[in-house]
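*Asks:* As they're listed, the protein sequences go chains A and B.
In case it helps, this note's numbering puts the first sequence at residues 37 to 547.
In case it helps, this note's numbering puts the second sequence at residues -13 to 500.
I should point out that these hints are in silico values taken from the structure, not numbers from a laboratory.
Don't take each hint at face value.
Distance condition first, Cα-Cα at most 25 Å in a straight line; then the derived SDA-like pairs of lysine to any residue [to be verified]: (1) K250/A to P436/B; (2) K383/A to R175/B; (3) K525/A to A137/B; (4) K283/A to A259/A; (5) K383/A to N200/B; (6) K250/A to D31/B; (7) K283/A to P141/B; (8) K383/A to V498/B; (9) K250/A to H72/B; (10) K383/A to P436/B; (11) K383/A to A331/B; (12) K250/A to D337/B; (13) K383/A to E203/B; (14) K250/A to P14/B.
A partial selection of chain A residues facing chain B, derived with a Cβ cut-off under 10 Å [what the hints assert, rightly or not]: (15) N173; (16) T177; (17) L253; (18) E271; (19) A278; (20) P440; (21) I492; (22) R519; (23) S522; (24) G523; (25) K525; (26) G528.
Over the 12 Å line for every Cβ pair with chain A, so calculated as not near, a few chain B residues [said to hold, decoys possible]: (27) A17; (28) G125; (29) D162; (30) P215; (31) V254; (32) L499.
Cβ coordinates follow ideal geometry from the N, Cα and C atoms, glycine included.
Given next are the chains, with one letter for each unit.
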Amino acid sequence: MFLSMSTADAVNDPVLRLDSQDNVVVARQPIARGARLPSEGVTALEDVAAGHKLVTRDIPAGTQVVRGGIAIGTATKNIVAGQPLRASDVSVEGVTLPSLSVTFERPAAAAATFQGFVREDGRVGTRNFIGVFVVGNCGATAARQAADWYGEERLAAFPNVDGVVPYVHEIGCGMEMTGEPMDLLRRTISGFIRNPNTAGAVVVALGCERNNLKGFLEQEKLAVGDRLHTVTIQEVGGIRNAVDTAKAMVDAMLPLANAARRQEVSAKHLVLGLQCGAPDGFTGLSANPALGIAVDLLVAAGGTAILSETPEILLAQDAFLTRTASPAVGEALRARLDWWRDYNHGKDTQLNGVLDRGHAAAGLASVLEKSLDGARKAGGAPIAEVLRYADRVTGPGLVFMDTPDYDPVSVTGQIAGGANLIAMTTGRGTTFGSLPAPTVKIASNSETFARMVDDIDLDCGPVLDGAVSVEEMGRRVFEALLRHASGEKTKGEIEGAGENEFVPWPIGVLA
Amino acid sequence: MNDQITRANFNPFIRLDPLDNVVIARMPVQAGTPVPSESTVTLHDVPSGHKIAAHFIAKGEAVRKYNTVIGYASEDLQPGTWMHSHNILFDEVEKDYAFSKNYVPTEYVPQAERATFQGIRRADGRVGTRNYVGVFVLGNTGGTAARKIAAWFTPDRLAGHPMVDGVAPFIHQMGDGMERSGEPMALLRRTLGGYIRNPNTAASLIIATGMESNDLEDFLAEQGLQRGPTLRTLVIGDEGGLRRSIEAGIAQVKEMLPAANAVTREPVSAEYLTIGMQCGGSDGFSGLSANPALGAAMDILVRHGGTPILSETSEIFGVEHTLTARAVTPEVGQKLVDRMNWWLAYNEGRDCQINGRVSPGNNAGGLANVLEKSLGGAKKGGNSPLMEVYRYAEPVTQRGLVFMDTPGYDPASATGQIAGGANMVMFTTGRGSCFGSLPAPTIKLASNTPMYERMVSDMDINCGIVIDGEATVQEMGQLIFEQLLRHASGERTKSELSGMGTNEFVPWPIGVLA
C-alpha cells in the first residue's frame, strides 16, 4: 500500500485514496463542511480534520470500513458518505486481519558506514556517556545531584564524553525480592551499564534495599573496576558524602572515557530500536513506510532493528506470525502474545479493542488500523528472533523484543538490550528523548514538523504531497540515521530530553 | 570490644517484657559473654539488634517478644543461643480482632491550652507548614519540561518572594500506556489532586502533553479543580515543543509567585498537624526506641487534636488486632481487616514480605521475619484509638489516629499520605534511610546512636538515647513532639537541607501497562 501519486495530482487533491476498494479517503489537509471533492464525487457534510478520514460511500451498520484494501473494522451504525469517520463508530469485534504475505526484496547492500566508538567486546557505540545508576529509588536524589554537577563547563576538558547522565527509577525496594520482577529490573539496569554507548558507570545504593547491591552485581556478573564503581550511602555516611564519593568516581573515569575515539565502522553495528510515538492518521502512510525502507536497508547491511510494542503486534498478529524466520520463532512470538492477552484481560486498555482517545483525536479509526500502520515501520524482513524485555539483542536482522506499547518503558527495554540508536515516528509530535542511545524523531506530516521543529528531526510530509517517493524518503531516513549515529546531535539531545524517560517495566506488585 | 561490657552491672541485652523468652543485644556481643540478668552466657556471637534465647525454648514453642508471638522455634534451643530467621519459623498466627473492646475515647487537652506552631492558614481552613509552588505532570513525557521549569527558580531568583519555599517538580512514570479507567487511573488522579490541594502547596502548574490517557480536562473536572491565580495549566503540544513549553511554564510560575508569596506564619494550634508516619530501613532497634517514642509523641499530638496517619499495610501484618481492638467502631476495625485481606491476595504467591521474608537490610539489622518487623512497626501508632481507615490518597478528614492503606514501600506510602493531606512526615530508621519528601518535609528519627552519628547530616532526631539508657520512651516522645513543632514552624529538616524530595514522588503503580 505505498502511495504513488503524480506530483500534479497530489498537490491539487485534498484527499488521499489508498485503494480502489476503500470506502474512506484520508484528508491530507483540513476539509471544510460543504467542500466538494470531485475526485470522489462527495461533498463533506462536516469539517474533517487533517489526517482524519472522510467516508466516500455509505457504510451501513455492520459492514466493513475498508482502507488500503483491508477492513479496519465494522460500522456500529449507518455512516453516510460525506461524514468524517469517527473511531467511536467503528468496532473491531470479530474483525480479523487477513494473512498479509510480505515479499521481502532485500535491497542491494551498499557499503554503508558510520563513525562509532568500538568497545572492548566488539560492539560499537554511537555516543560516549558516563552513567550514574541506582539499584533502588532511595539512591535517586544522590544520583541526580552527582550527575547534575557535570554541566557543559565542567565537561569542556573532556570533549569526547557526551555527558554524565543519571538513570533513576521508582522501584528497587518494596517489591518482590525474587522472581521475574526483580530479574527484569536487574537485567534492565545492567543492560544500560553494558550498553556500548555507556563508557563508565557509578552505581548508587542506599545499602538496605531489596535490590541488594551485592546480589545485583553477582546476578548480572558485573565486577567493580575501572569503568564500574559503586557507592553505598549508608556506608559513606549519608547523602552528601555519597554525592561527593560518586563525583570522585566519575572524575576518575572521565579521562578514560575521553580517550575513546570514533572510527569508521560498517552499518552492521547499528542496533536500531523502532518506535511509534503519538501516531496519527498519516503515520502509516508516510513515516512508517519510510522507516520500514530504512530498516530494510539496515538489515541488508547486516545491521539489527528491534521491533517491540507487543500490544500493537497482538492486534495485527497474523501479519507478523506469517513472517517469522522459523516455526520456533513463531511459537515464541505466539507465547508472548498469549501472555499479553492474559495480562490485559478485563482491563480498560487498547488491547481489548477500544482506541485511546488521543489516537482517535489524531485520526486513527480503530486499534486495527493503528496496528497495521505500526507494522509498516518494520519493513519487510522476517523476524529472526523473539526476546524477553531487556534481554541482550544479538541479531543480526529484524528481531522482536516484548515490551508494552508505552514509549518510555519500551525504549528502556530496547536500550537495555543493546540498542545504540532509536527511531521514533510521530504523527502529533512528541518531546520524548532517550539516553544513552538517542531518539531520532520522524514526523508523519509537515504541519507537525513545523509546529515542533525544535523537537523533531525529520519530516516525511513530502511523501503525502507526492513530492518525494516513499523509497526516496526511506533512503533519506537511513542516511540521517547514519549521520546521527556518527555524532550529529538529535533535536532531543539538543533540547535536553532523555533524563526522565528511564522506566524499567514495573511488572509485579509492590509490597 | 566495648569497655562497658566488662562492667559487672552493665547489661548488653534489653528485656522488653517479663513474659518474653528472648532479649535483644544493644551492641555486638561476643560468644561466651555472661548475661547475668538472664543467668546465662551467650553461645554465639550476636550482632547488634539481634536476639538470644533467654531460657530454654523447645522445638515448636512460641518465641515471644513484647509478649507477642513472632514465630516458633525450629528446634530445641539452649539459653544464650543466637536467634534469628534460621531458627525462628514464621507461621500463621491466630487472630482475635476483639473489635473496639479496648476503645477508650481520647482525653483532649482543652483548646486554649493546646501546643502551637507557626503555620500558614489557607482559605479552606487547613494549615500549611511549608509554602511550595508545585509543577505537576499528567504523564511521564511532561517530566523534562517540569524539571527544567522548576530548576530555573533558584534561591537567587526567588529572593524577591521570601515566603515561597521553592518551586518543586513532581515527576512520575505513569499517566499514559496504562488502564484508562478504573482504580489505576482514579488512584493516579486523586494522588495528583491531593498534592495540588495539600496545604503546603501554595500554587500549581500542571503540564500535559495533550495526548496522554490521563486527559487534562477530565482530570480537572474529576478532582474539582479550576484554573485560577494559583492553578495554571500548560499543554506541550499547543505550545509547540519543549523549549517553548519551558519558557511558557517559567512565565506562568512567575505570574503565580506574588499570590504564593502573600502569606504569613501565625501561631496555630497543633491540631492542624497531620503527620504521615513511616518506617524505613528498620533494624532490631527500631521497635525498641524510635517507633515507641514516635508513638508516644503521636499520643501527645492526638490529645492536642492532631492527626497521625499510620500506613504501610503489609507491615502491620500479624498485629492488626492491636489496632482493631482500639478502633472507635467495629466498622472501622473491619475496614482494616478488609484491607489486610486484600493485601494477602495481592501479594499471594510472590516473594513479598507479607509472606515472611523481609529485606536483606531488615534481616541484617536483626528482624527475623515480617511478624517481628510488624510488631516493632506498629509501635509508631502509640496507644490512641483508631478513628478511621482510608484508601490510598483519599482525603484525610477525621481527627485523631487514622490508618491509610498503602504499600510498605516508603516513597509510594509517603506519597499517598501527602496526597491525603499530611503536612509533615515522620520517618523512623535503624539502618539509615535518607528519605525526604515535599511539599511536606520528612523528619528522620534514628533508632540507635552509632547510626545517628555516622549519618548525622541526614538524621534529625536521635532516639538511640533510649537504647543507651539516657531517656525513657515517654521522655523521648516529648522531645520528639517539641522538635516536630519547630520543624512545622519552618526550621529546616536535614532532608530539606540535602535537597531531597523531588525524586520520591511515587504514586502507587497499581494496574497493568499496555
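*Asks:* Going through the earlier hints one by one, which of them does the structure break, listed in rising order?
*Replies:* Numbers 10, 17, 22, 23, 24, 25, 28, 29 and 32 - these are the hints that the structure violates, sorted from lowest upward.
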